[in-house]
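Visitor: Sequence lines, in order, name chains A and B. Going letter by letter, the first sequence gives residues 121 to 485 in this note's numbering. Going letter by letter, the second sequence gives residues 121 to 485 in this note's numbering.
One should not assume that every hint holds.
A pair counts as met if it fits within one copy or between any two copies, since identical chains are not told apart.
[To be verified] Straight-line Cα separation of at most 30 Å, BS3-like style, residue types lysine-lysine; simulated pairs:
id, residue 1, residue 2
1, K300, K405
2, K340, K405
3, K340, K330
4, K263, K399
Hint data in this document are derived by calculation from the structure and do not stem from the laboratory. If you're wondering where the values come from, they're calculated on a predicted model, not measured in any experiment.
Protein chains: 2
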Amino acid sequence: MAAAIDKPIRFGILGCADIARKVTRAIHLAPNAVLCAVGSRSIDKARRFIADNAPHTSTEVKAYGSYEEVLDDAGIDAVYVPLPTSLHLRWAVAAAEKGKHLLLEKPTALCEADLDVILAACEAGGVQFMDSTMWVHHPRTAKMRELLSDPDRFGQLKSIHSVFTFCVDTGFLQNDIRVKPDLDALGALGDEGWYCIRSILWAADYELPKTVTAHRGTTKNEAGVILACGASLLFEDGKVASFHCSFLSNLTIDLTVVGTNGTLCLHDFIIPFEEGSAKFSLGTKSWFNDLVTGWLSLPSEHIVTTDLPQEACMVNEFSRLVGCVRDSGSAPEKKWPTITRKTQLVIDAVKASIDRDYEPVEIVV
Amino acid sequence: MAAAIDKPIRFGILGCADIARKVTRAIHLAPNAVLCAVGSRSIDKARRFIADNAPHTSTEVKAYGSYEEVLDDAGIDAVYVPLPTSLHLRWAVAAAEKGKHLLLEKPTALCEADLDVILAACEAGGVQFMDSTMWVHHPRTAKMRELLSDPDRFGQLKSIHSVFTFCVDTGFLQNDIRVKPDLDALGALGDEGWYCIRSILWAADYELPKTVTAHRGTTKNEAGVILACGASLLFEDGKVASFHCSFLSNLTIDLTVVGTNGTLCLHDFIIPFEEGSAKFSLGTKSWFNDLVTGWLSLPSEHIVTTDLPQEACMVNEFSRLVGCVRDSGSAPEKKWPTITRKTQLVIDAVKASIDRDYEPVEIVV
Chain A
121 MAAAIDKPIR FGILGCADIA RKVTRAIHLA PNAVLCAVGS RSIDKARRFI ADNAPHTSTE
181 VKAYGSYEEV LDDAGIDAVY VPLPTSLHLR WAVAAAEKGK HLLLEKPTAL CEADLDVILA
241 ACEAGGVQFM DSTMWVHHPR TAKMRELLSD PDRFGQLKSI HSVFTFCVDT GFLQNDIRVK
301 PDLDALGALG DEGWYCIRSI LWAADYELPK TVTAHRGTTK NEAGVILACG ASLLFEDGKV
361 ASFHCSFLSN LTIDLTVVGT NGTLCLHDFI IPFEEGSAKF SLGTKSWFND LVTGWLSLPS
421 EHIVTTDLPQ EACMVNEFSR LVGCVRDSGS APEKKWPTIT RKTQLVIDAV KASIDRDYEP
481 VEIVV
Chain B
121 MAAAIDKPIR FGILGCADIA RKVTRAIHLA PNAVLCAVGS RSIDKARRFI ADNAPHTSTE
181 VKAYGSYEEV LDDAGIDAVY VPLPTSLHLR WAVAAAEKGK HLLLEKPTAL CEADLDVILA
241 ACEAGGVQFM DSTMWVHHPR TAKMRELLSD PDRFGQLKSI HSVFTFCVDT GFLQNDIRVK
301 PDLDALGALG DEGWYCIRSI LWAADYELPK TVTAHRGTTK NEAGVILACG ASLLFEDGKV
361 ASFHCSFLSN LTIDLTVVGT NGTLCLHDFI IPFEEGSAKF SLGTKSWFND LVTGWLSLPS
421 EHIVTTDLPQ EACMVNEFSR LVGCVRDSGS APEKKWPTIT RKTQLVIDAV KASIDRDYEP
481 VEIVV
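Hey, can you work out the whole structure from these sequences and the hints?
Guide: See the structure below:
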């Protein structure tokens, strides 16, 4: 772990969502970040959250009984916002207007128009924006990118397939915010499909597809929220991608990226099986033996270790960029909001294709 | 290996295709089969094939300078037909009419109507039909079926994804029969998609999908033969499947089958990495740890060993059924032609969807 810096980025958290526990630990682990405040509609809930999740923090963490108080605290540089998606527009914009750098939970908005309002507020406020997609910050992801960029070992990208499913219980199907049209109206598409789409864009080096066509067979609940869906994406140069996400199937996290010369494959791209080391496999110029009774060479297994868990790598990178703005007067890094916007554009296109009886939807930038 | 039986099934082979080398070895390895004749349009080619590929056979293998002579040989019980698909209709029907049991290379026909003529001829001739899809005969496949049938470890089937790609060279793209409209007009769909579709049907216990919709982005050569394509399948109960096949991407053979409780995954379902043992993984009731920083239990790896390679298992099973007809007067086993017909129906639907600008195509039985 890198040494702690002199003036760490001071975080506030809006809300006590389950996922905030993980990010609280990540802020603790990141050498350049410190948690300073947690706001909840109930100050007791904020206090309990701090007692349960931030007991090891050396500095005092303030509990606030509202989100506003966190945003009004001059001692806070940045906020992490894990509120239900329908509340993002209001609170992300409020944070940016108060000059707070913004680490926003995914899905970032209910639609791209809402996200654009958030991003405009960040730009106007001069604050750094980043969505809280953790896996892209794992050093494994950088290693995989290096191999995908190798014209000899991987070649030209041809197809991508991504899956994220998990099987929820009856309680989730009745009560979780992710199945409520007034809270997380994008359902499984926003919660799981977000990662699949991000992984496809990542593999395509953030080129947007030309056309998105949802797969027939979307499952919705009685309120019309998506519980399972999938789509195919077609890119300008002919490469293709597909994904499938579902709240109704066993936990599966697959990413397969195939090029002319290579095949990248992993089964835990969003949450690595283990925290300290993560694997992927790469087959290169794979072929059969002469009689086609076996393979000449097997895909090779690559292991990437990490001292910091991926969510702490994310906090570390976000805090580094925030530090550049706060301490050196740099402009915010545009890479992260650009990637977020592309992800949201594809989410919207999948939704539109489902709503239009599975017609293809053109992505217009 | 089981002991050789007294009266093995006597095979003839029509044509000297590359794949016939593998099946010749399989006939040699199977305890209940023996190769008796090879027919080619050139008797020299037939002689060379026998010298190169059947030198260890104890009985004499006859070389014939025509396919007819193999079919007219009263000492032949069954024929293996690896001819180009466009010739299947003629020679498969001729074989059945001569009372020869039929092991037919895939894709079995250019369309389901042609296949129905072949199957009717087999029924009229009282001969056993089987297509030459080898992987379904591997003992690993039976083991996987057992797990997919387990309501506790796998649960209800929800989604299937299958990939078969390999990257061919310029010579293949110019000269191989699989890119010629007059020889194997189904191209990659017939050659590779066949396996993907079979794997989907296998996982669904041979239930046919209700609707098939090809994915936009089909690649064709100048003659209009498919070089890469994919499709999504929707079943009556809402389960979904998708596949992708291509002649233009690195060798990749993936099958992922996801149920409510389990995830089956393997990367070599068509041709196992190694001949003697084959793996697959099964995740069951997979979930994250409390903080979602890792998985509570990893998918388990299963290894299935086999004395006979899968193609010899196929010859063995085909010969066993032929023996029942020849020696015990049993009726031919209908399971195999039924499975073949379902596979061909889905192939036709994918083709139709591509031809109709990616409209969904209903499967009508």
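Visitor: Each hint: holds or not?
Guide: Here is what the structure says about each hint:
no.: 1; hint: K300 - K405; result: between (47 Å within a copy, 25 Å between copies)
no.: 2; hint: K340 - K405; result: between (42 Å within a copy, 23 Å between copies)
no.: 3; hint: K340 - K330; result: both (26 Å within a copy, 19 Å between copies)
no.: 4; hint: K263 - K399; result: both (10 Å within a copy, 27 Å between copies)
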